[in-house]
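Chains A and B, in that order, are what the protein sequence lines are.
Under our numbering, the first residue of the first sequence carries the number 117, and numbering increases by one thereafter.
Under our numbering, the first residue of the second sequence carries the number 117, and numbering increases by one thereafter.
Honestly, the hints are just simulated from the structure, not real lab data.
Any given hint might turn out to be false.
Since the list can't tell identical chains apart, any single copy or any two copies may satisfy a pair.
With a straight-line Cα cutoff of 27 Å, these simulated DSS-like cross-link-like pairs (lysine-lysine) come out [stated by the list, open to error]: (1) K481 / K128; (2) K167 / K341; (3) K341 / K435; (4) K410 / K188; (5) K217 / K402.
All values reported here derive from a predicted model rather than from experimental measurement.
There are 2 protein chains.
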Amino acid sequence: MFELLAQDRQSKARRGRLTTAHGAIETPAFMPVGTQGSVKAVSPRELRELKAQIILGNTYHLFVRPGLDVIKHFGRLHAFMNWDGPILTDSGGYQIFSLAKLRKITEEGVAFQNHVDGTAAFISPEIAMEIQATLGSDIAMVLDECPPWPCERDYAARSAEMTTRWAARCKNAPRQDRQLVFGIIQGATFEDLRKESAQAIVDLAFDGYAIGGVSVGEPEEEMMKAVESSEPFLPNDKPRYAMGLGTPPQLLELIARGMDMFDCVLPTRLARNGTAFTSLGTLNLKNAEFAMDKRPIEENCACPACAEFSRGYIRHLVKAEEILGLRLITLHNLHFYLDLMRQARDKIDNGTFDAFRRAFVSDYKDQRNLAT
Amino acid sequence: MFELLAQDRQSKARRGRLTTAHGAIETPAFMPVGTQGSVKAVSPRELRELKAQIILGNTYHLFVRPGLDVIKHFGRLHAFMNWDGPILTDSGGYQIFSLAKLRKITEEGVAFQNHVDGTAAFISPEIAMEIQATLGSDIAMVLDECPPWPCERDYAARSAEMTTRWAARCKNAPRQDRQLVFGIIQGATFEDLRKESAQAIVDLAFDGYAIGGVSVGEPEEEMMKAVESSEPFLPNDKPRYAMGLGTPPQLLELIARGMDMFDCVLPTRLARNGTAFTSLGTLNLKNAEFAMDKRPIEENCACPACAEFSRGYIRHLVKAEEILGLRLITLHNLHFYLDLMRQARDKIDNGTFDAFRRAFVSDYKDQRNLAT
Numbered sequence: 117m118f119e120l121l122a123q124d125r126q127s128k129a130r131r132g133r134l135t136t137a138h139g140a141i142e143t144p145a146f147m148p149v150g151t152q153g154s155v156k157a158v159s160p161r162e163l164r165e166l167k168a169q170i171i172l173g174n175t176y177h178l179f180v181r182p183g184l185d186v187i188k189h190f191g192r193l194h195a196f197m198n199w200d201g202p203i204l205t206d207s208g209g210y211q212i213f214s215l216a217k218l219r220k221i222t223e224e225g226v227a228f229q230n231h232v233d234g235t236a237a238f239i240s241p242e243i244a245m246e247i248q249a250t251l252g253s254d255i256a257m258v259l260d261e262c263p264p265w266p267c268e269r270d271y272a273a274r275s276a277e278m279t280t281r282w283a284a285r286c287k288n289a290p291r292q293d294r295q296l297v298f299g300i301i302q303g304a305t306f307e308d309l310r311k312e313s314a315q316a317i318v319d320l321a322f323d324g325y326a327i328g329g330v331s332v333g334e335p336e337e338e339m340m341k342a343v344e345s346s347e348p349f350l351p352n353d354k355p356r357y358a359m360g361l362g363t364p365p366q367l368l369e370l371i372a373r374g375m376d377m378f379d380c381v382l383p384t385r386l387a388r389n390g391t392a393f394t395s396l397g398t399l400n401l402k403n404a405e406f407a408m409d410k411r412p413i414e415e416n417c418a419c420p421a422c423a424e425f426s427r428g429y430i431r432h433l434v435k436a437e438e439i440l441g442l443r444l445i446t447l448h449n450l451h452f453y454l455d456l457m458r459q460a461r462d463k464i465d466n467g468t469f470d471a472f473r474r475a476f477v478s479d480y481k482d483q484r485n486l487a488t
Numbered sequence: 117m118f119e120l121l122a123q124d125r126q127s128k129a130r131r132g133r134l135t136t137a138h139g140a141i142e143t144p145a146f147m148p149v150g151t152q153g154s155v156k157a158v159s160p161r162e163l164r165e166l167k168a169q170i171i172l173g174n175t176y177h178l179f180v181r182p183g184l185d186v187i188k189h190f191g192r193l194h195a196f197m198n199w200d201g202p203i204l205t206d207s208g209g210y211q212i213f214s215l216a217k218l219r220k221i222t223e224e225g226v227a228f229q230n231h232v233d234g235t236a237a238f239i240s241p242e243i244a245m246e247i248q249a250t251l252g253s254d255i256a257m258v259l260d261e262c263p264p265w266p267c268e269r270d271y272a273a274r275s276a277e278m279t280t281r282w283a284a285r286c287k288n289a290p291r292q293d294r295q296l297v298f299g300i301i302q303g304a305t306f307e308d309l310r311k312e313s314a315q316a317i318v319d320l321a322f323d324g325y326a327i328g329g330v331s332v333g334e335p336e337e338e339m340m341k342a343v344e345s346s347e348p349f350l351p352n353d354k355p356r357y358a359m360g361l362g363t364p365p366q367l368l369e370l371i372a373r374g375m376d377m378f379d380c381v382l383p384t385r386l387a388r389n390g391t392a393f394t395s396l397g398t399l400n401l402k403n404a405e406f407a408m409d410k411r412p413i414e415e416n417c418a419c420p421a422c423a424e425f426s427r428g429y430i431r432h433l434v435k436a437e438e439i440l441g442l443r444l445i446t447l448h449n450l451h452f453y454l455d456l457m458r459q460a461r462d463k464i465d466n467g468t469f470d471a472f473r474r475a476f477v478s479d480y481k482d483q484r485n486l487a488t
């Protein structure tokens, strides 16, 4: 169940609360990505201390390894990984299209060979729902086809239509008790296709709606346009999830465009490369300039890394390839993303979100394009 | 200062307390190895939660990277890595002999090129002490030559004599305020050389004594003999440190032979390979037999990994190369070693150490030789 708690006056930003079988999520919300049953380098206890409200699990990865028989034996994904908060699982489609080999898409579903040991498998909309029921996630996503960028209009149109038919099959499939199911809007970068997809998916009446087919290499402008083309057709009383996005300024821009939920590997992935997020942009902690720097990654940051460690020490750990280095940057980056959402919620609550967004976006200087 | 609190009646096992500038250490004690300013994969907070009493820092590694200018800028090693408990530093000699290139040993010291960027450097006994004074460790080790195994008697004799002359130079070198300095006994596997070395080093009157030249590939029997040949000549009122050792049964055997302090990379290194210690021997968690195993690594273990996670989940993490997997096994293994020392101390206190040692060694079945 979703409650819309407040609506910003200067933008489409919303404050909401989504209630799931494992607790409520205050929106806007960021979901750390737990690809293979673990948010990379972080323990469930640390996630709780970071006040992560919900995490994401990748159905494809868990299907390939450890496999459903193992998850089922341990109960569900929550029990297996010892995370008792809400979990959203994707359908597996995105990874099949980006990682698996020898894919063959038909109306019935997708045949593929997994990227780990080459085992052949087949996933249909019904099977994707069955897998997610087994994982026991709080929010399941419909199986969709995520077309590449750029994409011919004709292909995008036919793909979006099939995604709608697949969504209908997912809607009718059995689900875990109290499991929410979100539909996914496709249509690539074509405004009219986005509208058609949004209307068709909304007609199927899901518990929430995701914008898919973004974060596939398109320019930021196209990404924003895809969201703007879809959003007007989404009901106010359901959560909206922008899939796989984005940089900190992008998240605020997407909130301003009416999005409520986000997942992104940037905070964890860039951490493993020595890159930390700050409100003024990213820092590459491998750089020599930080060797003698006694400051924390970010002044006044409440994360466990900034409470205890200097940039100079973390730089040393990264250069020496010590695991603690990437652990500390991961904690900082996740805190940064989660705290950005906390601030956004507060600012929407007290009516100052738009000024906050403008100031943040203006101050934030990325040293490189992180979007793709 | 070292207090001998109790002496076992059936063996040479001792209970003691070593007071350092950063606190007291109850002995027998295990020192987790913080090679490059970090106990691999573990945070200082986790070390405190594991009740680690003292950690080891590797002078050679810290000298090479980040370098003394960085450590000095941050104050001392404690401040740099945010560990406010006791630290023991080695002299750097062992790593120069095992890692560095183009070594040239003279009476004056050792010239070498470091293994990271090939920079040429020179370490003498005086420089080794100066570096450790800069690191600010609570316990510094003298510079010694650690001969390989096997080793000709003639070489071992000349080497041990030079180590004694180097020890005298270290003794006379300036040290950090309140820094303790331990001498190192050499003599390879030759009983008379061990005796001569022990007597000569003890004559120099150090704050503690280490058995060096063990854990260099020799059979366990030779290692025990080297300790047994040295120990009778060590004063009762000073701590004894068996360097670089060993497996869990070996630690109990060494305690029974009068040793008080230990350091070993096995718990952290094997963890990164998926191997966990239990009181019945090691488990290779990569093995398929653990895929469905709901038990913790060890029943009734009080470590953070066993409190929350199953063998099956940890196996999945290890197989999927998730960092959390090696983190959890590292925590378990360090807890296992630290807890073994706690048990040994308790058993010595209540006069049941020898029975405890016999039972433990008899129950413990290693699946392979971990000693080398």
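Here's how the hints hold up against the structure:
1. Only within a single protomer do K481 and K128 lie at most 27 Å apart by alpha-carbon distance; the minimum there is 24 Å, versus 65 Å between protomers.
2. Taking identical chains as interchangeable, the C-alpha atoms of K167 and K341 are never at most 27 Å apart, the minima being 32 Å within one chain and 55 Å between chains.
3. In this homomeric assembly, K341 and K435 never come within 27 Å of each other (Cα to Cα): the closest approach is 40 Å inside a single copy and 41 Å across copies.
4. For the homomeric pair K410 and K188, the shortest alpha-carbon distance between copies (12 Å) is at most 27 Å, but the shortest distance inside one copy (48 Å) is not.
5. For a Cα distance limit of 27 Å, the shortest separation of K217 from K402 across copies, 26 Å, qualifies, whereas the shortest one inside one copy, 35 Å, does not.
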